[in-house]
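These protein sequence lines map, in sequence, to chains A and B.
Using our numbering, the first residue of the first sequence is number 1, and each one after it goes up by one.
Using our numbering, the first residue of the second sequence is number 1, and each one after it goes up by one.
I should point out that these hints are in silico values taken from the structure, not numbers from a laboratory.
Think of the CB as a built atom: it goes at the ideal place given N, C-alpha and C, for glycine as much as any other residue.
There's no promise every hint is true.
Computed footprint of chain A on chain B; a stretch qualifies when at least three of its residues, placed anywhere within it, have a C-beta under 8 Å from a C-beta of chain A [to be verified]: (1) 207–220; (2) 285–298; (3) 490–499.
DEER-style ranges, computed between Cβ atoms [to be verified]: (4) B:Pro311 to A:Glu86: 37 to 43 Å; (5) A:Glu122 to B:Phe24: 28 to 34 Å; (6) B:Arg43 to A:Glu86: 29 to 35 Å; (7) B:Thr347 to A:Glu86: 40 to 46 Å.
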Amino acid sequence: MKYPLMQHAEEIRAASGRSLNEITLETLASLSPEDLQIHANTLRAQAEIAHRAGYSQLAANLMRAAELTIVPNEEILKMYEMLRPERASFEKLMELAAYLETTYHAVETAQLVREAAQVYRERELLRR
Amino acid sequence: MPPSRRFDILSKRDVNKETFIKPFPEAGLMVTDSPADPQPSLRIEGGQVIELDGKLRSEFDAIDQFIALHGLDLSVAEEAVATPSQQLARMLVDINVPRAEILRLTVGCTPAKMVEIVRHMTVLEMMMGLAKMRVRRTPANQAHVTNWRENPALLAADAAEAALRGFAEVETTVRVARFAPLNALAILVGTQTGRGGVLTQCAVEESLGLRLAMKGLTTYAETLSVYGTERTFVDGDDTPWSKAFLASAYASRGVKIRCTSGTGSEALMGQSQGCSMLYLEARCLLVIRGIGSQGVQNGSISCIALPEALPGGVRIVLAENLLATLLGLEVASGNDAISSHSDMRKTAKLMMQFIPGTDFICSGYSAVPREDNLFGGGNFDASEFDDWNVLQRDMQIDGGMRPISEGDALAVRRKAARAVQALYQEVGFPPITNEEVEAAVVAHGSHDMPERNPILDLEAADKFLTSDVTLLTVARVLQQSGFEEVARNILEMGRQRLTGDYLQPAAIFDRDFHVLSGINDLNDYEGPGTGYRPENERWEEIQRLPQEQSPHEFIKDHIGTPSDRLVELGPAERGSQQEVVVGIGPAFGTALNYTIGGFSHEDVLTAILTGIAHEGLVARVVKVYHSSDCAAIGYVAAHLSGSGIGIGIQSRGTTVIHKRGLAMLSNLELFSQSPSLTLDNYEQIGRNAALYARGLSPIPVAVKIDSGARLRLIVKTTLLHRRETEEVQHDKLPVEVRFDWEPDL
Numbered sequence: 001m002k003y004p005l006m007q008h009a010e011e012i013r014a015a016s017g018r019s020l021n022e023i024t025l026e027t028l029a030s031l032s033p034e035d036l037q038i039h040a041n042t043l044r045a046q047a048e049i050a051h052r053a054g055y056s057q058l059a060a061n062l063m064r065a066a067e068l069t070i071v072p073n074e075e076i077l078k079m080y081e082m083l084r085p086e087r088a089s090f091e092k093l094m095e096l097a098a099y100l101e102t103t104y105h106a107v108e109t110a111q112l113v114r115e116a117a118q119v120y121r122e123r124e125l126l127r128r
Numbered sequence: 001m002p003p004s005r006r007f008d009i010l011s012k013r014d015v016n017k018e019t020f021i022k023p024f025p026e027a028g029l030m031v032t033d034s035p036a037d038p039q040p041s042l043r044i045e046g047g048q049v050i051e052l053d054g055k056l057r058s059e060f061d062a063i064d065q066f067i068a069l070h071g072l073d074l075s076v077a078e079e080a081v082a083t084p085s086q087q088l089a090r091m092l093v094d095i096n097v098p099r100a101e102i103l104r105l106t107v108g109c110t111p112a113k114m115v116e117i118v119r120h121m122t123v124l125e126m127m128m129g130l131a132k133m134r135v136r137r138t139p140a141n142q143a144h145v146t147n148w149r150e151n152p153a154l155l156a157a158d159a160a161e162a163a164l165r166g167f168a169e170v171e172t173t174v175r176v177a178r179f180a181p182l183n184a185l186a187i188l189v190g191t192q193t194g195r196g197g198v199l200t201q202c203a204v205e206e207s208l209g210l211r212l213a214m215k216g217l218t219t220y221a222e223t224l225s226v227y228g229t230e231r232t233f234v235d236g237d238d239t240p241w242s243k244a245f246l247a248s249a250y251a252s253r254g255v256k257i258r259c260t261s262g263t264g265s266e267a268l269m270g271q272s273q274g275c276s277m278l279y280l281e282a283r284c285l286l287v288i289r290g291i292g293s294q295g296v297q298n299g300s301i302s303c304i305a306l307p308e309a310l311p312g313g314v315r316i317v318l319a320e321n322l323l324a325t326l327l328g329l330e331v332a333s334g335n336d337a338i339s340s341h342s343d344m345r346k347t348a349k350l351m352m353q354f355i356p357g358t359d360f361i362c363s364g365y366s367a368v369p370r371e372d373n374l375f376g377g378g379n380f381d382a383s384e385f386d387d388w389n390v391l392q393r394d395m396q397i398d399g400g401m402r403p404i405s406e407g408d409a410l411a412v413r414r415k416a417a418r419a420v421q422a423l424y425q426e427v428g429f430p431p432i433t434n435e436e437v438e439a440a441v442v443a444h445g446s447h448d449m450p451e452r453n454p455i456l457d458l459e460a461a462d463k464f465l466t467s468d469v470t471l472l473t474v475a476r477v478l479q480q481s482g483f484e485e486v487a488r489n490i491l492e493m494g495r496q497r498l499t500g501d502y503l504q505p506a507a508i509f510d511r512d513f514h515v516l517s518g519i520n521d522l523n524d525y526e527g528p529g530t531g532y533r534p535e536n537e538r539w540e541e542i543q544r545l546p547q548e549q550s551p552h553e554f555i556k557d558h559i560g561t562p563s564d565r566l567v568e569l570g571p572a573e574r575g576s577q578q579e580v581v582v583g584i585g586p587a588f589g590t591a592l593n594y595t596i597g598g599f600s601h602e603d604v605l606t607a608i609l610t611g612i613a614h615e616g617l618v619a620r621v622v623k624v625y626h627s628s629d630c631a632a633i634g635y636v637a638a639h640l641s642g643s644g645i646g647i648g649i650q651s652r653g654t655t656v657i658h659k660r661g662l663a664m665l666s667n668l669e670l671f672s673q674s675p676s677l678t679l680d681n682y683e684q685i686g687r688n689a690a691l692y693a694r695g696l697s698p699i700p701v702a703v704k705i706d707s708g709a710r711l712r713l714i715v716k717t718t719l720l721h722r723r724e725t726e727e728v729q730h731d732k733l734p735v736e737v738r739f740d741w742e743p744d745l
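If we strip away everything but chain B, and leave its shape as in the complex, we get (with noise of 0.2 Å):
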């Protein structure tokens, strides 16, 4: 049998790069509900948790004994797992149970059973969940800021525009782990740059990414990965104990921290022990929970294409930000790593933390092109900011970011790189240079930029880690240098850190470096007329893209200065020769004088004319006011024309011809995609005209198609019409006009 043309359009479609395999619980190869997966169950006895998801005391591992002692709360525990799966699912649906209510008991839910509860739900159902759940009630995003050379210039000045964008939270990592302090030093002063109160973190080894924040480099961290089972964490080179020590150690430092889980993680490291993802993915949480770290980055993370080669995938990612927020964390929701090669499949999956709104709806969206994101990430990168803008605008929802002019992002790209460059100078650094500087403005990714020696900066890098430079150094040398505002926003980076204000869930900092957490921008939704909405100047800010055109501009080039070879006779009267009437619109000439496609309506008129001529016919025109529908033109050249046929012709080049007796919206030929149309194609519907005149039955013209037209043009069209209507007068008759024109046969 011959291959089918359709089938094989469909196998070179990008979704059908994908891989896509059959579930293999044993592998734990399972987005949810593998026969491992135990059933829910608790039994404390003086305190002490005896049964914990099917298993006794003396067969708890340590992930269990840790969720035992830290991870539920127990006053409610048994309450919690008696409460039946399905009325907690139906409570986070339900507007009138607010957030609290239900996190009372959500808290005491072992693994199995908040597995349990989404079990009952659909992801509409769980969005909405989400969006009552989330801890803090504006919504926020992070980015990603790295680059292939780990070039400090264009590290500073991505962060900055970065900034300005409105991401709440800049990560950046490295590709030689050597170079960590220099990188992080230069998404802070790009970051303070752009925007004082942008959230830094470097993501690098958890000893090496304390000792960062203890220079007072970083002020978050987030990458400290928890898995959800005992040996997968083992082989992590941790256990929950030294995690929970390390989140004391940075909160110590006043920094704050966000752990990293994730489904598929256990699998891909031959570990899940048949379990599925999402009860694994639980179990981490309760461990987050119990660490005391304010919040997760879940959502799958890295190992995002593993669900997604699942049945079901897309939904249980959604699970794991929804269980997250049933334990009170902040949700910084994956959508980071590149999820698909399909467009189309992983806009879809965005919208299930989109829609709601999550604490950070992306864990780094890459703020740098896909090439230079470090984090093999890049899901969405910097060539689709305009893109995510839009959505925002589509949909009035938050999605942490905003529209920028060019202007605006050069002016601080060029400062933040300048700020680095004297930086570098003072603190004694391998030099960067001018050229790197203006390459670094204008660049879109590490392409653009010149070489570096990367042994020198590797030596440095080293000296700086174990220097005593520390974020008071970079204060002041960027305030002796002339940067008075960055080190501004860069001390109060470290006064802020006095307060301890960023530790509480969910922290960020809005434009006037005033703290919003969990504490004080609580969730507050509870059905419609509540919570967050953008509204008024966000409102305004998201709707305003630099793109937007105004209505009355729009439509300026169609305009010119009225035709003197169009004079108006008088009323027009039913002809009783072999003639066409050609009908033009009220606009045709005078208000309007050029079409859709950019003709002059005397060009237009002239080619209609001429192949009236060629066929030897003469042609009269008329104008009509009564209308500025094409068919009411052309029905009215009709009527008026002693042959019975007429041409309707509008002012955006729309035409019709027409025959007495049709009916108004019947017709002979419509050219109703009047951007496609040329003047040969003018002249031929001129010619047809005049063969129908004659009573003969021509081919119909054929214009090509266009299916993208209508998208391109609606607006213009719209508008270009609603100028026609304006000239429309109900009351007057149709004028014969003479057009200064010679056949030229």
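Only chain A is shown next, with the shape it has when bound in the complex (with noise of 0.2 Å):
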């Protein structure tokens, strides 16, 4: 798909299934919460796209928002809160690696947070 891809409204969906074009107005009263999240695939649309234009790094960012997309906002909080500094175990994060492989095949940022555990253990930036 070109960018942008609100040109392509047709072809984009929320999260829900729904397609943007009836997002609208007038449906707005029978719309749900998750009628207005991206979808994984609309991020991987847009991480091809940052690709294709040289932005690398955020393409990879956006195919790991990709993978976050079914992660519910509650474990999200959870998981930022075990990768700040002296939160979590070496085993933790690897527990953590692990989860985000198998619940939600999370393989891109299962990776970082694999990176994170063995940097944090060099570092000395593992619970104490």
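Each chain sits in its own coordinate frame; assemble them with the hints.
Here it is as structure tokens:
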């Protein structure tokens, strides 16, 4: 799809599966919060656009974001908290990585967490 | 020795309220090239960085590791580091080298290499580089909207006005953290009332910020702070990995992020490790790129007074903006926190970003009064909107703002305050009274607002944060309350979130809700005649200040009905008596009737003739048609005068006493400061002319010097002179005029 994706509104779906074209003032009363949540595929399409334009790190971020779309808000907040310095042990971080991979198929994010665990261990940034 | 009066005055200047210190590298108080800064180096083996800026893999701290793993584009890194830095610096100012060609290499530069590139560059060269390297073609600006009382009606009204004034982003924050959801809500409603498509954020602690984004209350987050030393990073309670996760978390909710860094923070937090500010900032920028942030807010930000206390500080702050663009990062380029006591110094610093243009010239122009700015900001504030608009008009530069009328401002302020009032009522928040709405419409700041009960507001804020009220609820309530357009814009922000279009670098929305970013509005500057410049409608808009006047209307107060006391008699002859001839300009008393000082021509002539009569001489009045020039009029008057003394007076009031035999541009006395002349002065001019005619040497007439007169009146002077010149008839000889006046002696 060509940027901006808004040009292809008919092909864009919310995380709920509802088509972007069906999200209007007229349908407002029937919409749910999931109807305004971005779909993982849309993030992957934007990652592809970023990658082609030379923004490879931004593209990688959007790919991780695509993985995280299905992770509930409260879990996201907890995961972030665990990654902050001196919050988690090496084992807990490795468990988190495994959990991300098995529960949400979040391979790239899991890789980031594993990498963090290694560096935190070297740099003494793990829970004491 | 008695003290110097001049040094006393200098010591009281605003600029001398600043602190200036000598560099102290051990404390990180050195803007660049500290002895502890490493030389650039890079070694890659088997796809792994094994040496970075003089450090071996085993010596890497967490930041080095992150840069090695994510920040550098390894495919070009060796080539980039091997390219002479001066060559890279020259490519930046060479209009024949396009942005993409430079970017290809600079994304492989190590932090020390980046510092080495700008070491070769003056501020002018860096500005050239910034103009070429910034991401978005169209420059923009960001506003801060906060208020000390955290009043929702005022927040909404100020956000609406900021949106109307052209800001592409509006950032708010809190005095009391628990207010965050209500403040985010108020500026969302406010901005979408002023102009659909303005992006909003609420700067709070990271987890809370993420919660607000998840509720759809914000569209971007900017305060993902990044630091250049591991210790500072950890003191900031994050690591590059936690920040990278946070960036992905925001994006997973369709929210744009921009990191914050900037020189001085590491020194301020006592963890600079003796490195220079710019080197540490270069490390930050590589981390920021590695995280996958689409951009950065840098340019020292809240620490700005620290680099400015040091030699070369402003240059290095510009360098950090430039370095960010060398990594393809969107830049919101500071100019937010107060940088100086001196307006002259502040403005000079602003020009570093204003002239080249950046993605956001201010990472927060205070669209509220300084005292209401909860960021501790307000380098430029709501009292200086017009100054900014004038700078844009002066230089034909798009600074991301536009002039608006008072009526339009009041209309959007009222609509926004009412919308938020309706929302509070329907959602069950503590009511916003009509009195508050009306106060918010006309307010300049918190001082103009009635007090609210913060305890009730905070209770509502707590409940709101954990409730299931989201952007959808807000849109629905506004639709039902009759704010259809605001509801549509808020829903459109939600729809845009579904496309992810504004997650791309430097994304903003234009007035038609079209996204503009580094993907579809890529900076294409390649020298004169290329790139963005305000043209056509945008240039028209920048020009049309509400305070701009029509030149045709400008001199209407100086036009009256032609004087019937001045009657033309016939060709003027040379006199033989002891007289003074008063030469008047071609528009005097006819096309024009009042001097620039506002005196009627009849009164001026009366004053001059009274002065002449007081010294016992007669006067004749002669109208000069062939010239509108003051010297020429006086010259002719002197030639026609029996005594050889003449007075020349233009319609705008400029007067000369002339003498036959002097060169035209010479004179006995010249009164070029016509706005300062009083009727007493004109009478004194008449007296002196008569005394010269009697062969005496009077004391020249003393006229007050007004150094501001030319500044105030040059346009009017020009237009009055033009009107007089229109009456010139080159072939027409001077005409004798009778002035109906009797000396009152």
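Tested hints:
1. Against chain A, the stretch 207–220 of chain B contributes 5 residues with a C-beta closer than 8 Å to a partner C-beta. That satisfies the three-residue criterion, and the hint holds.
2. Counting residues of the stretch 285–298 of chain B whose CB falls under 8 Å from any CB of chain A gives 6; the rule of at least 3 is met.
3. Figure legend: the stretch 490–499 of chain B, annotated as covered by chain A; annotation consistent (7 residues with Cβ-Cβ distances under 8 Å, at least 3 required).
4. Judged by the Cβ atoms, the range 37 to 43 Å given for proline 311 of chain B and glutamate 86 of chain A holds: they are separated by roughly 38 Å.
5. For glutamate 122 of chain A and phenylalanine 24 of chain B, the Cβ-Cβ distance of about 32 Å falls inside the hinted range of 28 to 34 Å, so the restraint holds.
6. One distance hint, 29 to 35 Å for the beta-carbon pair arginine 43 of chain B and glutamate 86 of chain A, holds here, with the actual separation near 32 Å.
7. At roughly 45 Å, the beta carbons of threonine 347 of chain B and glutamate 86 of chain A sit within the given window of 40 to 46 Å.
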